[in-house]
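Asks: Sequence:
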Amino acid sequence: MTRLLIVLLGAALPLLFSLAEGGEVGVCYGRVATDLPDPASVVQLLKKNSITMVRIYDTDPTVLRSLANTNIKVTVELTNEELPLAAADQNNFALRWVQSNVKAYYPATLINGVTIGNEVFKEASHLNSQLVPAMKNVQAALAKLGLADAVKVTTPIAFDALKTSFPPSAGAFKDDIALSVMSPMVDFLQQTGSYLMVNFYPYLAYLDTPGMSINYLLFRPNNGVPDTVSGQTYFSLFDAELDAVYYAMEKLPSSSMHVGGMRKLTAGGGSLDVHQGEHGHPNKGHKGVGTPQNAQDFMAGLTLQVLQGNSATAAANGHNLLAASAVRGTPHRPNADLNVYIFALFNENNKPEDEQDFGLFYPNQQPVYPNPIDFVHGGTIGGPLQASYCVANAAVGDVALQAALDYACGNGADCSAIQSGKPCYEPNTKLAHASYAFNDYYQKNGRVRSACDFSGAGTIVNQAPSGACDPSPSWCVANAAVGDTRLQAALDYACGRGGADCTDIQPGARCFDPDTKVAHASFAFNSYYQRRGRATGTCDFAGAGTIVRQAPKIGNCVLPSRA
Numbered sequence: 001m002t003r004l005l006i007v008l009l010g011a012a013l014p015l016l017f018s019l020a021e022g023g024e025v026g027v028c029y030g031r032v033a034t035d036l037p038d039p040a041s042v043v044q045l046l047k048k049n050s051i052t053m054v055r056i057y058d059t060d061p062t063v064l065r066s067l068a069n070t071n072i073k074v075t076v077e078l079t080n081e082e083l084p085l086a087a088a089d090q091n092n093f094a095l096r097w098v099q100s101n102v103k104a105y106y107p108a109t110l111i112n113g114v115t116i117g118n119e120v121f122k123e124a125s126h127l128n129s130q131l132v133p134a135m136k137n138v139q140a141a142l143a144k145l146g147l148a149d150a151v152k153v154t155t156p157i158a159f160d161a162l163k164t165s166f167p168p169s170a171g172a173f174k175d176d177i178a179l180s181v182m183s184p185m186v187d188f189l190q191q192t193g194s195y196l197m198v199n200f201y202p203y204l205a206y207l208d209t210p211g212m213s214i215n216y217l218l219f220r221p222n223n224g225v226p227d228t229v230s231g232q233t234y235f236s237l238f239d240a241e242l243d244a245v246y247y248a249m250e251k252l253p254s255s256s257m258h259v260g261g262m263r264k265l266t267a268g269g270g271s272l273d274v275h276q277g278e279h280g281h282p283n284k285g286h287k288g289v290g291t292p293q294n295a296q297d298f299m300a301g302l303t304l305q306v307l308q309g310n311s312a313t314a315a316a317n318g319h320n321l322l323a324a325s326a327v328r329g330t331p332h333r334p335n336a337d338l339n340v341y342i343f344a345l346f347n348e349n350n351k352p353e354d355e356q357d358f359g360l361f362y363p364n365q366q367p368v369y370p371n372p373i374d375f376v377h378g379g380t381i382g383g384p385l386q387a388s389y390c391v392a393n394a395a396v397g398d399v400a401l402q403a404a405l406d407y408a409c410g411n412g413a414d415c416s417a418i419q420s421g422k423p424c425y426e427p428n429t430k431l432a433h434a435s436y437a438f439n440d441y442y443q444k445n446g447r448v449r450s451a452c453d454f455s456g457a458g459t460i461v462n463q464a465p466s467g468a469c470d471p472s473p474s475w476c477v478a479n480a481a482v483g484d485t486r487l488q489a490a491l492d493y494a495c496g497r498g499g500a501d502c503t504d505i506q507p508g509a510r511c512f513d514p515d516t517k518v519a520h521a522s523f524a525f526n527s528y529y530q531r532r533g534r535a536t537g538t539c540d541f542a543g544a545g546t547i548v549r550q551a552p553k554i555g556n557c558v559l560p561s562r563a
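Under the working numbering, the residue at position 392 of the sequence shown is numbered 392, and the numbers go up by one with no gaps.
Bear in mind the hints are in silico, worked out from the structure with no lab data behind them.
Here the structure is a predicted model, which means the values were calculated and not measured.
With a straight-line Cα cutoff of 30 Å, these simulated DSSO-like cross-link-like pairs (lysine-lysine) come out: (1) 284 / 444; (2) 122 / 174; (3) 351 / 284; (4) 251 / 163; (5) 517 / 553; (6) 122 / 287; (7) 144 / 73; (8) 351 / 174.
Here are the simulated distance ranges between beta carbons: (9) 353 / 422: 36 to 42 Å; (10) 548 / 427: 24 to 30 Å; (11) 515 / 551: 19 to 25 Å; (12) 107 / 140: 17 to 23 Å.
Positions of the beta carbon are idealized from the N, C-alpha and C atoms, including for glycine.
Work out the full structure, taking the sequences as your base and the hints as a guide.
Replies: If you want it as structure tokens, here you go:
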């Protein structure tokens, strides 16, 4: 049974394969900020959006009391600062900690996990030798209080605990922790029915790997990356990084489970799952990879992958759908449940600058992405970004419009088309010129709300403004040369995860005929392309799409030049 908590997909995915068992998706509720709402308000936000699993980074009493009687599952943290105390366990520290921070709130607050530290190898390596003892002492305290079955002990490690991660089959832990810490830790996690927690940020590998396709990072259709040792082909960096961890665990020696020189962690008996304690993508900065659209595409792909498994990625890339339907995990661990905490619930202004812009929400509880994020239990959060535009607000007057127009044109908007004699100069009014400049600025800045502020001179609309000038219209159509199989895969992606409006190419609808892959794919590709503001890369589809400058007509349908 799929434990569906939150899904990042707005449009229905065509039922080309049966859904496989997936995992769970929650959020990281960090509070390293000066402007966050109070915990009671945050809990209302979680409930409003049907978020039913959170990870917090301490045991704050106000937060834990606010989460009581909500049915929201909570993972709490024994901090790095407390870890040596738990390891030494003088005066029964671990038992007293569990009594005060878990037992005191459970079961009204559904605490289901305790993380011992956070990224200890990276942030507090002097504690490496104390990590497993601390985990064992907290586990023993839970057992003494009758909570060991309900509350699992783990520790989140950073992905850079691996010394090698590519190809995935070469995955291996760093030498200074492999035998001394990771091997006894994995034994402990297996013995207690727990899981290893790893914090993943795939965009970092993308930035460090020249030539890597951004589509491979963002779960979009791509040609795949082969692992020539294992024979597997990976269609998402998510799968590749997760499998690298599984391979690394298999290389650890164990006193309790050792089969032919490798730990028995593959499908079948003795398996140990990896939960993703943090998995995020920035919505700003990071050499341009951080944009709201990229962040939402990443989150949509990530959550679809978790809830439907590896079959989602395989299907999106045109591979055997019947075989893929049996795959709920990764290529190497097809039977693994995928469990993820999205980092993060909010943008946090007191974190280091490069960690601030990962939130699903601003501190004012407004969604970061341009259209409202609609968390629906068993339904969607977000979904594809609908078309939106920034237009000028006539009420502010010509002086304010001129000032905002000067700002937009001086800070990245392409205003060449509204110069005298150019295609969009007429009508020659402040309102028309400002609307043109504002919208160009807004689209180039990823359609974030703040990019259409202009001190009140701009406003966002979801319908294309009547009479708006388009100086260089373009369309995205299918490339017949790639063949029907690849066209079908890209068509499925566009109409499904991609959020194209494919209503008009359904049987009996106005653009169903001609009933060919090329015609239907052209319609879907163009819808996707226009909805994303004709941004670079949005007519790629792994080579199945191409941009044209003349309005294409397919049967009785003229493809639109805007969303």
